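Engineer: Take these sequences, add in the hints, and give me the full structure.
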Amino acid sequence: MTKVEELKELLTQDIIVDLEDYIDELFELVAKKNDTIDTKEELKNMQELQSDFREMLKDIEKGEMDEEEAAEIIEELEEMKQEDEDLEED
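Going left to right, the sequence shown walks through residues -19 to 70 as this note's numbering numbers them.
Everything labelled a hint here was simulated from the structure, so no lab data went into it.
Straight-line Cα separation of at most 30 Å, BS3-like style, residue types lysine-lysine; simulated pairs:
1) K61 to K13
2) K42 to K61
3) K(-17) to K42
4) K38 to K24
5) K24 to K61
6) K12 to K61
7) K(-12) to K42
8) K(-12) to K61
9) K61 to K38
10) K(-12) to K38
11) K42 to K24
12) K38 to K20
13) K20 to K(-12)
14) K38 to K(-17)
15) K24 to K12
16) K(-12) to K24
17) K61 to K20
18) K61 to K(-17)
19) K13 to K24
Quick list of the computed label-pair ranges, beta carbon to beta carbon:
20) A11 to A51: 38 to 44 Å
21) E55 to K12: 33 to 39 Å
22) E55 to E35: 14 to 20 Å
23) K20 to E48: 34 to 40 Å
Quick caveat: nothing in here was measured; it's all calculated off a predicted structure.
Every residue gets a Cβ at the ideal spot worked out from N, C-alpha and C, and that includes glycine.
Structural biologist: Structure below.
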C-alpha cells in the first residue's frame, strides 16, 4: 500500500469518523445549552479541521498528493493521535 493510499484509508476510516463523532458531541452540548465560549470555539476549530481533511481527500482523489507529503501528514496525524491518547490517560 502506498503512503497516499494509507493516508486516504486513515482519513476515511479513522480520523474523519472520530472527528465527526466529536463534532456531534459538541453540537449536543450547544443544543442543551451546556456549552461555553470554549465549546463554541472548539466546535468552530473542529469544523475547520474537518474541512481541511476533506480537502486533503479531494487532493488525493485528484492525484495531487505525492508520497512524501502523504508520509509527512501520516506522521503528524499519528503524533496528534498519540498526544490525544496520552491526555485521555491522565
